[in-house]
Amino acid sequence: MTQAAFFSLVAGALSGIAIYGLITQRHLLRRILAVNVLGNSVFLLLVALARRDPDYVDPVPHAMVLTGIVIAVSATAFALVLARRYYSETGLTHLPEDEE
Amino acid sequence: MSLDAVHELLPLWALLASVITAVVIFALRDHRQRQRTFWNLFGASVKLVLVLLMLHGVMLGHSYEVVYPVLPGVTLLLTVDALALLFAFLSAVLWLVTTVYAVAYLEHSGQRARFFGFFSLCVAATFGIALAGNLFTFFLFYELLTLATWPLVVHRGHPAALAAGRTYLAYTLGGGVALLTGVVAVQAALGDVAFSAGGIPAFSDWAEAEPFQATAVLALMLAGVGVKAALVPLHRWLPVAMVAPAPVSALLHAVAVVKAGAFGVVRILQDVAGPEVAQTLGVAPVLVALAAVTILYGSVRALAQTDLKRRLAFSTVSQVSYITLGVALGGPLALLGGLVHLVHQGLMKITLFFCAGYYAETRGIHRIDELDGIGPRMPWISAAFTVGALGMIGLPPVAGFISKWYLGLGALEQGQTWLLGVLVLSTLLNAAYFLPVLRRIWMLPEPAGRPEVPPERASRWLLYPALFTAAAALLAGLLAAWDVSPLGWAQRIVEQEYPAP
Amino acid sequence: MIPAEWWLGVAILGPMLALPVLATRRPLLIGAVMAAAPAVQLVPLTLSGDLQLSVPWLLLEARFAVDALGGGLLLLSAPVSAAVLLMAVAQTQGNIRQAGLLAALTATICAFAGVLLAADLATFYFAYAVMTLGAYPLVVYRRDPEAFRAGRVYLGMAVLAEAAILAAVLLIAASGGNPDLAAVPGLVAEHPKAGLLVGLLLAGFAVKAGVVPLHAWLPLAHPAAPIPASALLSALLVKAALIGWWRLLPVGEVALPTLGLAVIAAGVVTNLYANLIGITQHRAKTVLAYSTVSQMGLLTTLLGLGLIAPGVAGAALLATVLFAIHHGLAKGALFLGCGLQGRGRGWYLLLPALALVGAPLTAGALGKLAIKEVAEPLFGPLAAWLLTALSVLTALLMVRLLALVARGEGLGGDAPASRGAVVGLIVAGLVVPWAVAALFWPELPGAMEGVGYWLDSSLPLIVGGALGAWLLVHRHGRDLPTIPEGDWIKPALLGGLRLRYALLRIWQRLPHPPRPPSLSVITRLSAAIESRLVAVAMSGVLFLVLVLGISLLGLLAGR
Amino acid sequence: MSGVALPLSFFVPLLTALVVFVIGVRRAYGVILLGALTTLAVALYVAYAVAVGGPQVHYLGGWEPPLGVELYADGLSALMLAMTALVGAGVTLYAGPYLRGKGHDGERFWPLWLVQWATLNGTFLSADLFNLYVMLELLTLTAAPLAAMAGDRPSLAAAMRYLLLALLGSMAYLLGVALLYGGTGTLHLREAGELAGAEPYTAVAAALMTAGLFAKAAVFPLHIWLMPAHSNAPAPASAALSALVAKAGLYLVLRLWLWTFPALLSAPMGWLIGGLGAVAVVYGSVQALRQPRLKQVIAYSTIAQLGYLLLLLPLVALPAAAVSAWHGVVLHALAHGFAKAGAFLAAGNMIYCLGHDRLEGLRGVTPYLSVTLLALGLAFVSLMGLPPSGGFLAKWLLLEGALAAGQWFWGGVVLLGGLIAAAYSFRVLALAHAEVPHGYAEIRSPRRLPPAMEWAPLALVLLAYGMLLGGVPILELLDQGAPEGVR
Amino acid sequence: MTEWAFDALLAGGLLGLAWQIVASRVLFRSVVLFIVFGLLMAVTWARLHAPDLALAEAAIGAGITGALLLSAYRAFLSRRGTDPGPPPVFPRWAAVGVAALVGALVGGIGWVVVGLEPPEQTAGREALAHLAISGVENPVTAVLLNFRSIDTLSEVVVLFVAFLAARVVAQDLAHAGPGDWLRASRNEPVLVQPLIAFIAPMTVLAAGYLLWSGEHQPGGAFQAGAVLAALGVLLRLTGRLRPTSEPSLAERLSLVGGVVLFSAIGLAGAGVASAVLAYPEGWEYELILLVETALTIAIALPLVLLFSGSGGLRREVR
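In the order they appear, the protein sequences are chains Y, F, U, P and C.
Numbering follows this note's numbering, in which position 100 of the first sequence is assigned residue number 100; successive positions increment by one, without gaps.
Numbering follows this note's numbering, in which position 477 of the second sequence is assigned residue number 477; successive positions increment by one, without gaps.
Numbering follows this note's numbering, in which position 123 of the third sequence is assigned residue number 123; successive positions increment by one, without gaps.
Numbering follows this note's numbering, in which position 258 of the fourth sequence is assigned residue number 258; successive positions increment by one, without gaps.
Numbering follows this note's numbering, in which position 50 of the fifth sequence is assigned residue number 50; successive positions increment by one, without gaps.
Calculated directly from the structure, the hints in this document are not laboratory data.
The beta-carbon is built from N, C-alpha and C at its ideal position, and this holds for glycine as well.
Just to be clear, a hint being listed does not mean it is correct.
[Stated by the list, open to error] Pairwise CB distance ranges, derived in the manner of DEER restraints: (1) 6(U) with 33(F): 26 to 34 Å; (2) 476(P) with 209(F): 31 to 39 Å; (3) 129(C) with 53(P): 30 to 38 Å.
[As the list claims (entries may be wrong)] Far from chain P, by Cβ distances over 10 Å, these chain Y residues were calculated: (4) 2; (5) 6; (6) 9; (7) 39; (8) 55; (9) 56; (10) 57; (11) 74.
[Unchecked claim] According to the in silico footprint, chain Y covers these stretches of chain P (three or more CB under 8 Å from chain Y): (12) 156-163; (13) 460-467.
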């Protein structure tokens, strides 16, 4: 098994964990964290795939990931601001429908 | 644009006459009563003139056609033939009359801009239905009619009106779906085909190749138009919708809606399927049976009503099925009866609703037992009512007799003697629910303590339309054998549908 | 100058055209014009030639013509109409409803003329229907419960009859469009559904003719209607049935012995029954109504004779016309006479009553003789005996009538015009039938010879008169059974009412179908579903399912 | 020259947004209008160019794919672009007076909306899968704050929910892109499709991308964020979100399945995705039936209407149905865009006048809002697919396709959806006709609408009706560059 | 072999941390472990020959994100009003079901990924082939700023939009960002002032270096911007920068300047070069550097403002 394939599998597993977390966790902060982990897992997959061919390292996925990281931090920042505003308006750390 | 081109597009101008009227009226503010009345009457008159021009043209052997491709393989087609003009002329005349009536009727109510706007739109749609040259165009205007009439039905806005509106929509939109399915299925199978007298040739080929599908499609289309034609068991909306103001009822029952349904039956049976195909597919006999049931059912139900307009509404249920019956029977005589009843029923029923509205508006009379002794008090309107009612019974010389005559002959021509029984029974029932009303109007003494209403509240313009239509109904029967009478015109249509061998 | 054939139209519409005179409000003028107007009905008779009027734009190409039947009955119609209108003007002087009554009367008269003169099927039906309906306002003119009850019964039965006639008319038209009336008997005879057709026609017109048991409206309507209206009903309207029968049925075309016998039986029974019931009645006009029924029975019998033997059809028709004229004039005079005031009015009634009984030298004797002439070849002496027996009953009935009139009060005003009308009718009743007989059946008056005839014709009068006088003197008619006017109709209506209530009760007890589930169920259900779906967790799970599902299908597609 | 129009349609609104941000809305209102009009002109020019000269291509930076990013305008893109421009112009005209009237200065709204417009144009033009990812993220990040703008509990929760699902969706999409790039080595939409075929990785990629886009476009089981988000946004934003943003997601779904994954489009796949669409059609309409507020009704109607677009997938594989269904679906997208935007703007007028959009409040408002109610009524008519609206033409074509191929089920869905749509529509319209209840006293008379607000909804809705006249040219334009099966 | 062991250890660490992040009972631990996760990610990038990413991840993924998360965590601690209590726990049976589904997905992705053959022709190969005419030597920078520059442009727009979006839902300054602005006072530890005086210029220098070096070696506008942003965070935390609710004109210009400049050059490309976003021949390097400089600021400023939770910042003069 090549290193790329190995890390691809790791990326898959990471995305699984992240999605599981996104579904089962209800605290907004944790959900945002889960989304971030999911993003990282996708980035990992991209970079791992860029590394498959022993001849060269594909720069395109790298550029994609770089773009992705900035987008991820933007989205995270907005999500956090939103979550904080939500918390201050409602006093809830989770979405209203998750109330038992 | 040369004059010839303008002339060629006459159907379009006539259609636009009412559409533009509608738009202008929508744009007028509510209190601009004079302007609105002017536009109303102007639009109606212009339209009537244009229709007359077309009538003239068609009599000279000219044919009009307006084509506009809407989608690839789907065209908007307006054609003018004798059948189209029969309905178009009827609606144009009655629109003018009803407009006069409605202007007087709604003089003091709110939301007149909305009302008259939709009123005009409604007539535009009716006109479109009349002139539709293919199924797509027909459906387009057919549904437009539903939309344009709904605001009129719920115009009063009270809960009963809203409930009536709901029922109306439930039935008509459901029917629209059935019709749409059928129409699209025809389009999918045959492409863009225009109506043709005696049936579309491609349709009969199709019916031979795929009888099951053709039957289903035909049944769907007929069910669709059957809703507006108030065939049992699709009739329930009609009596409910009578909560609408009287001009609307007149429109629904006489000018537009049920007529559109009946006209649709004519078009589909005669000009799409063709009478023979409909007969072989077994659709026509079922329709005949349904129409017969409806005729009797409507009359029986009318008997039990105590509200005048409700009684009239059930009477419509029964009467409109005469048209369906005539067409479904499928012979020249029966078709003649059905077609001529299209006009006659319109004239008579509109008279009755005008009168009912007049009673309601001037005296607050809604129930039949409140009519006691109103005849001597209001002789003119009551005379009009009497003419209408007698016509409905089928009593000569009012027009209803002529229809019944040809329907009966048609039934016998087709060897359906039992239908004679239906017609006779229906006559009896009609008499049974109309004659007591007449008796109350003319014979019973006026109850004591009926409030005296100052005569000026009853606008003369509520009276004249009723008198006009009553006279028309009377003359249509009296002068039936004249060339330009409805009967004469219907004969012209029948000659096209059943060309002499 | 009006073309000759248009006088037919004038004859029909004449009385109607006189109506505007009402606007003058001058009683004398009105009376004179109204009484004179029906005279135009006689104009076509004076014009020579075969009058035919065709109006291609009217109705279904209307046609009019005069023939023996129509022309003969015009001779009846004109004097009766004139007298009736005169009486109506006189009696309703100052009444605000005078115009209404006169309008209804003239409309009915015009329609009757239309029935007589119509030469095509549709126009005939039209005129007949208008006449039927036009009589309704006459019946309910008094606006009291009695009048309304009578009107209801009249209208109900008339409309039922109308329906039967309509069916028959359509059946005929189906085989010949809108045929000339002259062609109708032939069409009916050859019609594939001839049996049904003849049945419908017989039954339909029988209501108007008052054949038992379809006579019930007559004894109700006559007493309820005002005097002139009653006269019109009895003298003219019921005769329209004869026209219907004779014009439409294939009399003279084919022999229908069974049917003919049945019709004769019905006629005889009608006569017998109506006379018997009539004797029990307590109001003069009711008695007269039953008398009309009984006399119409005789006319029905003539139709039956015509049906049995085409050979005698011509004679039977002539007899019918003759008897109808006689009866109409006599009955009209009797009714109008009832409307006179004062002690002397019984004398006015005597002559017409004698005529009805068929006393010698009266027109009645002529009529009865005509019937006998027609019937004897077929039934021999039986016919004469039967006729005599029935006449005895008629005589009894007339005694009853005169007694009632002598005792009772007059019903109308006592204007000289009224008396004039009555006298006019009596005179016409003496003259016209004889004139007709002399013109068209010259040998008939010749048959009134010999002692046998005189005995025969006076026998009923003597026997009946004596019996009646005896009953009158000794019993005063007190212990006669009380039979309601219209005999069977009252119990029948009551029974119908009870049945209706019973049915209503049953209907109310029937289980009603359950209401369909309302929209709220759907909305509640959808709300429940939506609240389950709304959690992000649920969305996540569904998202996973979606991904796996599409992947799986995609993999399968790849295979 | 015409090639430059493609990038311009992205850059013009973007730069307008930036300029507006810098110099402030109060001074830049003219700039906004100028930018909007320029964008409209550019978009219409693109449509014209495509109609005349066939599909237009612009390689950004001059680099051809797979190296660079291609902007590609075929008939579909051009139509969506034009629709966006028209709706966008309407929204822009409307938003100014609306926000001023509601007491906002619009500092937050304008840049977000203009960037969103630019992004929409970019989404419709871009032929690059990764670039589309960026565009999708931009859409999310512009849409979520618009939804949260009211700042109260329901709208914040809605925005939060939307954000979480949208992020999940974009990550899934990106994962799919990664797989696709890993398998084909290209990010170009069509090239990837040509290279990919029906491989396992394509299947998984398709699944991830489709599901991700479903989450973004609120397709049936993942629709829950849409109603609260769209109904709580300011009216012009709602209009843009419902008419354009959600549709952009579905536009991509259709693009992907027709251009990139046609090999995977088997009959069961069609049934699955079309089935979801069918359920959405029915379910969304039923939900709309029970909503107490106007904007909620309209928002649920969006869920239902978007479902129609998915009906293309089961039909497009059948030769008898393909062309009609394709035409019908695109017409539906257009008609829905106009009608929905008009409906939301009309609802905005109601809020503006009455201060709320509870349906009961529609009683007796006719005198003040007659034009608005006309627009609303016409919009609903188009939504339920009755003539003479564009929605009717779309439904006609869909039905014709379905019936021509003997697919009565899909035809039935179209019809049933129309019926339920009629039910919720007329529930609303009936209240507009209803009389004022007894004892009703007007506390304050409604405000008068500025003309721009009064007429903008009607103008938009009438565009949906104009399609009756322009059906043939529109479909001719659509045929430019259409894929094999649907030409 | 050691490499494999290292990779395995790395993978194990990533998975373990990820599990802890989503499943640990203590939220704070999750937040902190996420920062660690980011650092571990950076190491992984490095292992996978992606040094650009390693830099960016360390600066942005771990650094800025971590700061944002921590300040958000703090905000969630400050309970106001009623105590909502912890969010309800997800039912176990459902969790098992979710796990099964997730497992299936992971299995599917894994199976597909392992079977994925590298294609012959890729966009990456093309990029490397065209590197010579791109104007820069670092292939990643070439892709970002030349071949696929529209992505970069859009991505900066994303950042800008995130800032705008955050302003929409922003709270008042006292509760936004890291909380109350603490005026730099005499109470602060004595080392702070000298350290900042040292760090600030050094950081700017480092950023400048990263920016410049991005042309031929790992680095570039993102990394430089992230480093600058980190400086901003530091200054904000130590009270050297005061939050203001609205951005000043200069700030507004800086926020949009990058994109505007980039767009302007790009649109000019339609005239002077062949296409939009094409650089005129021979000017590639200069223009890319210019754009990158503007972008650095356009990246740094929104990040700082997002952390600060404010519309703008003012220098605090003591």
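Each hint tested on the structure:
1. 6(U) with 33(F): 26 to 34 Å: violated, 51 Å
2. 476(P) with 209(F): 31 to 39 Å: holds, 33 Å
3. 129(C) with 53(P): 30 to 38 Å: holds, 32 Å
4. 2: About 13 Å separates residue 2(Y) from the closest Cβ of chain P, which puts it past 10 Å; holds.
5. 6: Holds: least Cβ distance 15 Å, greater than 10 Å.
6. 9: With a cut-off of 10 Å, residue 9(Y) remains clear of chain P, as the shortest Cβ separation is near 13 Å.
7. 39: The claim is violated: residue 39(Y) sits with its nearest Cβ about 6 Å from chain P, within 10 Å.
8. 55: holds, 13 Å
9. 56: For residue 56(Y), whose nearest Cβ neighbour in chain P is about 12 Å away, the distance exceeds 10 Å, so it holds.
10. 57: holds, 14 Å
11. 74: violated, 7 Å
12. 156-163: holds (count 6)
13. 460-467: Check failed, 0 qualifying residues.
Checked against the numbered hints given earlier, this structure breaks hints 1, 7, 11, 13; the rest are met.
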